[in-house]
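J.: Sequence:
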Amino acid sequence: MQLLKDRIRKDGVIKEGNVLKVDSFLNHQMDIALINEMGREFRRLFPDNSINKILTIEASGIGIACITAQYFNNCPVVFAKKTQSINIDGEVYSTQIKSFTHGRTYDVIVKKAFLSPEDNILIIDDFLANGCALLGLIDIVKSSGAKIAGAGIVIEKGYQQGGELVRSKGVRVESLAIIDEMDPVNGCKFRDDN
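Under numbering that gives the first Met the number 0, the first residue of the sequence shown carries the number 0, and numbering increases by one thereafter.
All clues given are correct.
In silico lysine to aspartate or glutamate, EDC-like type, Cα no more than 16 Å apart, as pairs:
id, residue 1, residue 2
1, K9, D30
2, K110, E90
3, K14, D182
4, K20, D30
5, K111, E90
6, K80, E90
7, K9, D22
8, K20, D5
9, K4, E180
Everything labelled a hint here was simulated from the structure, so no lab data went into it. Keep in mind the model is a prediction, meaning the values are calculated, not measured.
Input sequences plus hints: build the corresponding full structure.
T.: Right, dumping it as structure tokens:
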């Protein structure tokens, strides 16, 4: 998605430790017009009319998933929580996810009442690098018996193994921007750059 790649080139900041900061437009301050175009593109990439729920993980995926849901007949968005709270009653699906960004492992949960074998789930997230979060969400969907329509990712770090690992498990992954090289001096080189 050229609009997204242009924005990453303009406002993305590459930091030490293989970190791409896109907090000025994607995962802290959000450019709603840009995210709206991403939602439209996810719909084009996943035209399956049987998709009836979108699953993401807190926190950065929530806004993207909500805007994307508008293009899927305003289907419900379910987000996996990283902490158990007193307002989650009943049984939950859970998995462990190691966060590269935060350097810790989370017990991630989704209330069982929100996912069922009748669901066809589209997973939406902001980043795909090592694949831990996406594999955890896939594990939750499989535990529920629901079908996985695929995963829509905003930015994939193509030089890390996550995308290849998830695709090798038979899950369709569509990323709006795939970065093949990234360094503070030369910026980002995208997969389809000449």
